Amino acid sequence: MIEASRIPILKIGDFLVASIQVELYDKSAVMFKDNLLQRIYETKAKGLILDLTAVEVVDSFMGRIITEVGQMARLMGTRLVITGLQPAVAITLVELGLELHGVNTALNLEKGIAALNRLIAEGEGA
Amino acid sequence: MKERIVPVRSDLDIVTARVEGREMAKELGFGVIDQARIATAISELTRNIVQYAEEGRAIIRELDSGGRRGIEIICEDQGPGIPDVELALRDGYSTSKSLGMGMSGARRLMDEFEIVSELGVGTTVTIRKWLR
Chain S
1 MIEASRIPIL KIGDFLVASI QVELYDKSAV MFKDNLLQRI YETKAKGLIL
51 DLTAVEVVDS FMGRIITEVG QMARLMGTRL VITGLQPAVA ITLVELGLEL
101 HGVNTALNLE KGIAALNRLI AEGEGA
Chain Z
1001 MKERIVPVRS DLDIVTARVE GREMAKELGF GVIDQARIAT AISELTRNIV
1051 QYAEEGRAII RELDSGGRRG IEIICEDQGP GIPDVELALR DGYSTSKSLG
1101 MGMSGARRLM DEFEIVSELG VGTTVTIRKW LR
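Protein chains in written order, with our numbering: chain S, 1 to 126; chain Z, 1001 to 1132.
In isolation and in its complexed conformation, chain S is listed as follows (with noise of 0.2 Å):
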């Protein structure tokens, strides 16, 4: 399970950002969704943000470890933004069925981080 604890995951104010940059296996993948959850309700952070640029192949496993850390995040409290998706992992990730619904996506981190602002603004509001 070394992939899984070689994704840092770093705190930034109220954020806390992950960026896989290592090919993850099915059981790496499932200890990084339990080692994010776990760093959320650690550090209290508001929102999180998890950056895919170096993320080559999203299948439907991945595609659901995903959806799955936004819903668990959201439960906790902590909205998950989904940033930095090469175009061939979002054209693979529509033709394979899989739209992740319900999961917030930005362009960069930069904007990740106002998508996340904002979300929890309206989070307030509400």
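It is possible that some hints are incorrect.
[As the list claims (entries may be wrong)] Covered by chain Z, according to a simulated footprint, are these stretches of chain S (three or more residues, beta-carbon under 8 Å):
#1 55 to 61
#2 78 to 89
#3 96 to 110
[Stated by the list, open to error] The following label-pair restraints were derived from C-beta to C-beta distances:
#4 Glu124(S) with Glu1086(Z): 45 to 51 Å
#5 Asp14(S) with Glu1003(Z): 50 to 56 Å
#6 Val1032(Z) with Asp14(S): 33 to 39 Å
#7 Glu1118(Z) with Asn108(S): 46 to 52 Å
Since the hints were derived computationally from the structure, they do not count as laboratory data.
This one's a predicted model, so the numbers in the text were calculated from it and none came from an experiment.
No residue lacks a Cβ here, since even glycine has one placed at the ideal position from N, Cα and C.
Starting from the known structure of chain S, fit chain Z onto it as the hints suggest.
Chain Z only, in chain S's frame:
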């Protein structure tokens, strides 16, 4: 002709198979989007092997037929077989806890898709993509 055989026994082999497939697709001249389609389809089919048959293999090879060039991936196992192939190809159908998009998704990502499955004998899925 290029050919690579990847034994598939665990989730580690799923990654090996899709990395090998992507590399060969790149060598053959496929663009990045097709490389991603091919790698994703391999990922789905080899996961099916690990999940349902426990063990099998992926044969990844170059195709050259009558001036047409492409890539072929054969995912085969000696697992329990699929009782209803039509049903297994339907979107959202799954006997495990997955999303049930694997088989139908892999078919959409590739140009050709063939499946032969016999109960108690095993399953062979062949997928192809041609260079344009």
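Hints and how they fare:
Figure legend: the stretch 55 to 61 of chain S, annotated as covered by chain Z; annotation consistent (6 residues with Cβ-Cβ distances under 8 Å, at least 3 required). Restraint check on the stretch 78 to 89 of chain S versus chain Z: 4 residues with Cβ-Cβ distances below 8 Å, three needed, restraint holds. For the stretch 96 to 110 of chain S, the assignment as covered by chain Z holds, since 3 residues bring a beta-carbon within under 8 Å of that chain's beta-carbons and 3 suffice. Against the hinted window of 45 to 51 Å, the Cβ-Cβ separation of Glu124(S) and Glu1086(Z) comes to about 50 Å, which satisfies the hint.
The given range of 50 to 56 Å is respected by Asp14(S) and Glu1003(Z), whose C-beta atoms sit roughly 52 Å from each other. Taken as a hint, the range 33 to 39 Å holds for the pair Val1032(Z) and Asp14(S), whose Cβ atoms sit roughly 36 Å apart. Between Glu1118(Z) and Asn108(S) the Cβ separation comes to about 49 Å, which falls inside the hinted range of 46 to 52 Å.
This entry satisfies every hint, going by the numbered hints stated previously.
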